[in-house]
Structures are given as C-alpha cells and as structure tokens.
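Q: Sequence:
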Amino acid sequence: MVSIASLDNEKQALLYQVDCLKDRLAEEEEISSEVKAEFKEKTKECSKFQKAIKGNEEEIKRLKEAIEFRDNFLAERGLSLYEDRELKDDVDNELRVSLRDAFSLAVPDETSSVMQNELRSFGVKFAKIVLTGKSLAIPLKDLGQDFLSVGDMREFSRQINDFKIKLQKAEQDNARLEGLVARLESQVKRYKTQAEAAEATEDSLKAEKRKLQRELRKAQDEIGELQTVNDHLQKRFDKLKSKRKDDT
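Each residue of the sequence shown is one higher than the last, beginning at 765 in the numbering used here.
Don't read these hints as lab results, they were simulated from the structure.
Some hints here could point you the wrong way.
Claimed, not checked - Derived DSSO-like pairs (lysine-lysine); straight-line CA-CA distance at most 27 Å:
1. K815 / K828
2. K775 / K982
3. K804 / K953
4. K812 / K828
5. K973 / K800
6. K786 / K970
7. K818 / K956
Said to hold, decoys possible - Restraint-style ranges between C-beta atoms, simulated for each label pair:
8. G819 / R954: 26 to 32 Å
9. D1010 / S770: 34 to 40 Å
10. I795 / S950: 17 to 23 Å
Quick caveat, the model's predicted, so the values are computed rather than measured.
Note that beta-carbon positions come from the ideal geometry of N, C-alpha and C, so glycine has one too.
From just these sequences and the hints, can you work out the full model?
A: Structural data, given as structure tokens:
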C-alpha cells in the first residue's frame, strides 16, 4: 500500500511537470511564431528598399549621363549656360547646322527615351532658329544673342538645373535608403538569431516532454502491476480471514 501511494504521488508530480512543460512549450511556440513572422516582414521590407536603391542608382546614372552629354554638347559648340558669359567669336561657324543634322544629334543609347526626346526637341528647335536667321540673311552674332540666351538657352539651363536637383535628391535618397537597409539587415540578423534560439528551446522542451511522458508511462505501468499484486494479496487475505472464521 505504501509503494502504491508513493508511486501515485510520483505520478501526480510527473503529470504536473508535463503540464508545466506544455505551458512553456505553448509560450515558446507563440514567441517563435511571432519572431518568424517579424523576420519575414523585415526581409520583405529590406528587399523593397534594396530595389528602391537600385532604381535610384539607375536614375543617378541616367542624370549623370544627361549632364555629361549636355556639357559635351555645349563644349563642342562653344556655348555657355550662363547669360553673363560672352559667346566666342567663332560661334557663327560652330552653329551652322542643318535641320537634318539637328535630327541626327548623337544621343547616347544609354540615356532614357525621355532624355532623348527632350534633347532631340532642343536640337530641332535650335536648328530652326539658325535656319531662320540664315534665311533673313542676318549674321548669327547680330541676330539674337539676347534672344538665344533669354529664350532657348535659359530654358535649356533651367532643365539642366532641374536635372542637377533631381540628381542631388536621388543621391540623398540613395544614401538614406542604404542606411535604412543596413539597419534592416542588422534587425533581420537579430531576428534570425532569436528565431533559431526559440527553435532550439522548442526542440529541447519537446525532448524533455517526451522523456517525462516515458517516465509517466513507466510509473503508470508499475502502478498497474502493484495494483494487480495488491488485489491478489487482498483476495488471499480475505480467504484466510474467512477460513479462520469457519474454524472458530
């Protein structure tokens, strides 16, 4: 009887430990699930910003090519973007281009279609001005240095300045996004470590739970065996007791 009571107490203790482990396991599974979800979200966010950085880098490259083309275009023709700079003496010879030549201005293949259209439009417009001057038999230097600088050259200058502003903004955005990506990658690494730790704890708890369940089954088997022995002894005791009564 004492052994059965002791085993029963041990059984209750094991059941309590199993319940505690179940609670801990449920908590760890919930934490692990939350960490994995956050890890997945941060990974998506990181990928999104990396794509944005790539797009900004392409935009920066496009703007740099446009500015470089602008500088080469003006340098070859001795032009200036600033109104206070005097045109060179040989500007008349440098600007003798035909409308056909204006359509065939060399625009780099790498520039975007928008830049190509804008630059080609400017070339056509500029060529028309030159041809108009020639048709009126007016020397280019007397025709409209003020007209060119105030009109088309000012507009062209404004467009290029807009490109420069866009370029600076794109570079700033790119630097900001790179910093953000670095922070997100650090967070992703931390969440990954936490997720791995949670999974390790979860595996450990499951192993401990299985061990306690084996011990519990073993204790239950022993209790069953002792209960069988106890019932057998109780029957023999009852028989002996009944026999003594009959003898008396």
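Q: All hints are to be evaluated individually against the structure, with a verdict given for each.
A: Verification of the hints:
At roughly 20 Å between alpha-carbon atoms, K815 and K828 fall within 27 Å of each other, so this suggested pair holds. Between K775 and K982 the alpha-carbon distance is near 10 Å, which keeps this suggested pair within the 27 Å criterion. Between K804 and K953 the CA atoms are separated by roughly 11 Å; this keeps the pair inside 27 Å, and the hint holds. Note on K812 and K828: the hinted pairing holds, with a Cα-Cα distance of about 24 Å set against a maximum of 27 Å.
At most 27 Å may separate the alpha-carbon atoms for a hinted pair to count; K973 and K800 meet this at roughly 23 Å. Taking the CA atoms of K786 and K970, the gap is near 9 Å; set against the 27 Å cutoff, the hint holds. This hinted pair checks out: K818 and K956 have alpha carbons roughly 25 Å apart, not beyond 27 Å. G819 and R954 have their C-beta atoms about 27 Å apart, which keeps the hinted 26 to 32 Å range intact.
Checked against the hint of 34 to 40 Å, the pair D1010 and S770 passes, with Cβ atoms roughly 36 Å apart. For the hinted restraint 17 to 23 Å between I795 and S950, the CB-CB distance of approximately 20 Å keeps it satisfied.
Hint compliance for this structure: no hint is broken.
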